[in-house]
Every structure is written in structure tokens, then in C-alpha cells.
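Trainee: Protein chains in written order, with numbering that gives the first Met the number 0: chain A, 0 to 259; chain B, 0 to 259.
A hint or two may mislead.
Cβ-Cβ distance ranges computed for the label pairs, FRET-style [what the hints assert, rightly or not]:
1) B:PHE99 x A:GLN204: 41 to 49 Å
2) B:PRO56 x A:GLN204: 38 to 46 Å
3) B:GLU117 x A:ASN49: 50 to 58 Å
4) A:ARG31 x B:LEU236: 53 to 61 Å
5) B:GLY22 x A:GLN221: 38 to 46 Å
6) B:GLU117 x A:ALA121: 24 to 32 Å
7) A:ASN20 x B:ARG24: 53 to 61 Å
8) A:ASP119 x B:ARG24: 40 to 48 Å
9) A:ARG147 x B:GLN34: 43 to 51 Å
Rough simulated footprint, nothing fancy, chain B against chain A, three-plus residues with beta-carbon under 8 Å [to be verified]:
10) 16–30
11) 42–52
12) 63–76
13) 102–113
14) 193–205
15) 226–235
16) 240–251
In short, the hints are calculated from the structure, not lab data. Every residue gets a Cβ at the ideal spot worked out from N, C-alpha and C, and that includes glycine.
For reference, the chains in residue letters:
Number of protein chains: 2
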Amino acid sequence: MRITIVGSGNVATHLAAALKNAGHRIVQVYSRDLQHASMLAYHVGAQAVNELSAVLPDTDIFIISVKDDAIIEMVKALTKHQKLIVHTSGATNLNDLLTFTANAGVLYPLQTFSKTKEVDFATVPLCIEGVNDSIQADLEQLAATISRSIYSINSADRKILHLAAVFACNFPNYLYTIAQQLLAANKMDFDMLKPLILETAQKVQTRSPADVQTGPAVRNDQVTMSAHLQMLSHQPLLQDIYTLLSQGIIKNNNGTHGDK
Amino acid sequence: MRITIVGSGNVATHLAAALKNAGHRIVQVYSRDLQHASMLAYHVGAQAVNELSAVLPDTDIFIISVKDDAIIEMVKALTKHQKLIVHTSGATNLNDLLTFTANAGVLYPLQTFSKTKEVDFATVPLCIEGVNDSIQADLEQLAATISRSIYSINSADRKILHLAAVFACNFPNYLYTIAQQLLAANKMDFDMLKPLILETAQKVQTRSPADVQTGPAVRNDQVTMSAHLQMLSHQPLLQDIYTLLSQGIIKNNNGTHGDK
Chain A
0 MRITIVGSGN VATHLAAALK NAGHRIVQVY SRDLQHASML AYHVGAQAVN ELSAVLPDTD
60 IFIISVKDDA IIEMVKALTK HQKLIVHTSG ATNLNDLLTF TANAGVLYPL QTFSKTKEVD
120 FATVPLCIEG VNDSIQADLE QLAATISRSI YSINSADRKI LHLAAVFACN FPNYLYTIAQ
180 QLLAANKMDF DMLKPLILET AQKVQTRSPA DVQTGPAVRN DQVTMSAHLQ MLSHQPLLQD
240 IYTLLSQGII KNNNGTHGDK
Chain B
0 MRITIVGSGN VATHLAAALK NAGHRIVQVY SRDLQHASML AYHVGAQAVN ELSAVLPDTD
60 IFIISVKDDA IIEMVKALTK HQKLIVHTSG ATNLNDLLTF TANAGVLYPL QTFSKTKEVD
120 FATVPLCIEG VNDSIQADLE QLAATISRSI YSINSADRKI LHLAAVFACN FPNYLYTIAQ
180 QLLAANKMDF DMLKPLILET AQKVQTRSPA DVQTGPAVRN DQVTMSAHLQ MLSHQPLLQD
240 IYTLLSQGII KNNNGTHGDK
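Work out the full structure: start from the sequences and follow the hints.
Mentor: Structural data, given as C-alpha cells:
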């Protein structure tokens, strides 16, 4: 297919590269910032543009991968070309696009992307939604060229997925940051925690996380929890986080039992 | 070495198996619960005992791997044998043992263990502390037979490590549980999130977590955060967790920039 990428962020970058590798032709990359557009365009053999008026109609699909609050502006500018328009956002309802075009869909990759870190796109779950069966089928076919893991997900469920992803990815990453800072403040190296972080994530690939919960909270070890809060006495935010997450583990554990 | 394992929980189980595999002889396994002692003893070819009076002096080292508040009781009962006594606890000071014996040390494995999940012990960081250089050296030698990753860590630093491990492992695992519950309540499968969870943990093996932070909070995307809080309106605990962790990410991001 001939594909136009609108956006040059993390998702746009990885998606464009995966589509290019799968043999599609990336026609243009649009970004408000010409340098960003050029960098990505160079990598995928496309033309870089930073004016919406310079976006060509000669394409099969516009993939909009920009900040959520900029999506509609892009849609408005592109509908005149009468081509399929999809966005890649977890939080944006497909209905939001239908005011402007009936030729719309969603291709939401459920993964965390950083520009400098390669991802095996074949394992990235792609959540597909089309306004009709024909678009749905086209998007599934396109998705199948870059991933083995394709789900048909409506807008309501996609919002739940996006929220769950915040808990499963963005928040754990922040907790890793806290752990790193605690060690750094005491001249210890974050490397020490890396096997633990990896094993924790690997364990839930085959076990239910509630069944493999470990640590002071699931044992209701009040002495250790009090000592930990004492150690955080100069960091009230971390104390609050510690208290709240421990409460959640204790509450969750009532009636079940983890791997204490 | 001839080794006596005191305890039969997750750490005792994995440590005893690793020591046995490394060619050491596990003499006895003690647990208050004879069934638990027997199960582990059977696996490592040891004798099971559930009375401290039945613990034999004919060993080189007692490894105490029980709940923190039971460690001292074990130490008191075992000092009469005048053998090296070590505990495996992150939160227990080595000094706590010195009231009872000068022949003491710590062997703290910085990993999360579940009985039903195998672990490659060679990659588990082992934190060693001895009351003197001779014991320190003996413990390092023992540790080297089961792991490639050995650290000399004093009690104060070990407490920090243990606290950091709660943030890096126990809390993320609880957040995975929340994510699973959010999906289950909407009849979606936790499998969808597994690649995301694994990639999040893999990413920080080679990147600093603060540098690869993604999600609505690091973008300060107030619209999405408000929508997420609205979706959690019937779960005040999850709302509080969402708010607090998002605040932390936003605060952390001031002055730096993550992978928005």
C-alpha cells in the first residue's frame, strides 16, 4: 500500500519503519517540525513535508499519529483527499472522526515506544477498529503485514485498554525511576535491580500477577513497612505512594493469597 | 559445604535447590511445619525436621530463611552449635545477630521467588555481609558457587536496596494486578498486555527509566488523565493511586524530559 504518515513521534517512527520493512511504500511524512519530518522520512524513503497543504492525495491511507488534541485538526485538513484516515490513539473515540469523514478507522499499537530502542513489531498487539466491515477488513489485512497479534477492539474497550496500559507500563516505569533514585542517593548502582525488574515482568507472562505477589505488604509485615516509611520520612510523596500501594496489596490479598 | 536450611519458604526453596545443584550437601531442612520441611528436604536430598532440638550440629553453615520476626528466635536456638549462622533478609541488620553470636553473616538474594517458577540463580545478585573479613571471604566463596553476580553490601545499604526492590518489583506487580482486573471487568484478556509489560522491563535494562517514561502524565496530557480518573470514578483507591503516580511523573519530569 501507499501510506502517508502524519506525525513523527515515537509511535509514528516505529510504525512507519515496520510498514516500510513489510514492503509498503511510505509516500510522505508530515510533521509541523520539518527537521523531525525529515529524519523519519529519510529512514523510510519518503518525502518530508511540514505544511498540510503540501500533503499529496496520491496515497491509500493517512495514518495520523500525533498528540490526541491535534488529531481532529489533521482529520479536517485531510478529508478532502477522500482516502482512508486512521489514528493510532488509545484514548480517542472513532466517533470523533465520523463528523468529518465516513472513511475512518483506528490502528492502536499496544506497546511503549522509544525512538532509540528497537521493538520487534511482529509481537506488538495491534487493536483495529473500522467504521464498517470493509474498512475493518482492510485494516486487519494491513495490520497482518506487520504483526502476528491482531485484535478487533471497539472504542469503549480501547479506552479501558489504554487505561490498563498506564497501570501496566507508565506507572511501573515511574516506580523503576524511584528505585533508581533511592539507590543513586546511596551511591548504589541501578544494575543491581535489573534482574529483579526483568523477572517480575517475566513471571506474569505465565502466572497471574495476584498469585505471585511478594513483599512486605502481602505478608502484612507491619514492622518492615513502618521501617520503610521511616526511611522515606523526608520524601512525603514517596511515603504516600508507598502507603497507598501497600494498602492496595493488603486489600487485594484479603480473601486470596499471594506468594508470600 | 555441609549446609542446613532453616525455613521452607520461597527463598529457602530456591536457595537450597541452587546450593544442591552446585554440589553442596544439604544436611537438614528445618520448618515448624513438617510437611513443608519434608517437601523441600525431599527435593534436595536432606533430612526434614520440625523441632529445633532435632537440628544437628554436624554442618558448616546454618542459612536462616524465615520471616523477619522469627530470625532471632532461630539464632538463639542455633548458637550453641558454634557454626556460622547467616540470614537471607533484606531488612534485618547484621548487628541484631551479634548479641547472640560473633559467627554471623548475611546472604541476601535480590530477586523475587515463587515456588512454582524456576529462576536462573546464576543471574541473581547476591548481597554478602560478614562480621569480619574471614566470614566475608567464606560467604563470597560460597555465593560464587551459585551466582555470577556478587555484591558486598553493609546492613544500612541492604535496607535501602530492600526498599528499592519493593518499588521495583512488589509495587509494579500490584499495578499489573490492577491492569488485569480492569481488563477482566470488561471481558478482555490480560494476554494483550504481556508484550507491553515485558518491553517496559526490558527497556530499562539498557536505558535509564526516567529517559524512557511514556504516557499521559509525562506529556502532561490533562484531557486524557481527567478521562482516566472519570473511568475510575467507582474505585476511589485506584483514583488515588492514579493521581499520586501521575503527580510523581509530572514532578519528576520538570527540568528533565522523558520519551513523551
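Trainee: Against this structure, judge whether each hint is valid.
Mentor: So, going through the hints one by one against the coordinates:
1. In this structure the supplied range 41 to 49 Å holds for PHE99 of chain B paired with GLN204 of chain A, their Cβ-Cβ distance being about 43 Å.
2. Between PRO56 of chain B and GLN204 of chain A the Cβ separation comes to about 44 Å, which falls inside the hinted range of 38 to 46 Å.
3. As the Cβ distance of GLU117 of chain B to ASN49 of chain A is approximately 53 Å, the hint placing it in 50 to 58 Å holds.
4. Taking the beta carbon of each, ARG31 of chain A and LEU236 of chain B are about 40 Å apart, not inside 53 to 61 Å as hinted.
5. Roughly 40 Å separates the CB atoms of GLY22 of chain B and GLN221 of chain A, a value that falls within the hinted 38 to 46 Å.
6. In this structure the hint that GLU117 of chain B and ALA121 of chain A lie 24 to 32 Å apart at CB holds, the actual value being about 27 Å.
7. Range check, ASN20 of chain A to ARG24 of chain B: Cβ separation about 55 Å, and the 53 to 61 Å hint holds.
8. The hinted window of 40 to 48 Å between ASP119 of chain A and ARG24 of chain B holds, with their beta carbons roughly 44 Å apart.
9. At about 45 Å, the CB distance of ARG147 of chain A to GLN34 of chain B agrees with the hint of 43 to 51 Å.
10. Coverage of the region 16–30 of chain A by chain B is violated in this model, with 0 residues showing a Cβ closer than 8 Å to a Cβ of that chain against a need of three.
11. Here the region 42–52 of chain A counts 0 residues with a CB under 8 Å from a CB of chain B, which misses the bar of 3, and the coverage is violated.
12. Note: the region 63–76 of chain A has 3 residues with beta-carbon separation from chain B under 8 Å; the three-residue rule is met and the coverage holds.
13. Only residues whose C-beta sits within less than 8 Å of a C-beta in chain B count toward coverage, and the region 102–113 of chain A has 5 of them, enough to reach three; the restraint holds.
14. Taking a C-beta to C-beta cut-off of 8 Å, the region 193–205 of chain A contributes 13 residues in contact with chain B, enough for the three needed, and the coverage statement holds.
15. A stretch counts as covered by a chain when three or more of its residues have a beta carbon under 8 Å from one of that chain; for the region 226–235 of chain A and chain B the count is 4, and the coverage holds.
16. Closer than 8 Å: that is the beta-carbon criterion, and the region 240–251 of chain A has 9 residues meeting it against chain B, so the requirement of 3 holds.
Hint compliance for this structure: hints 4, 10 and 11 are broken, all remaining hints hold.
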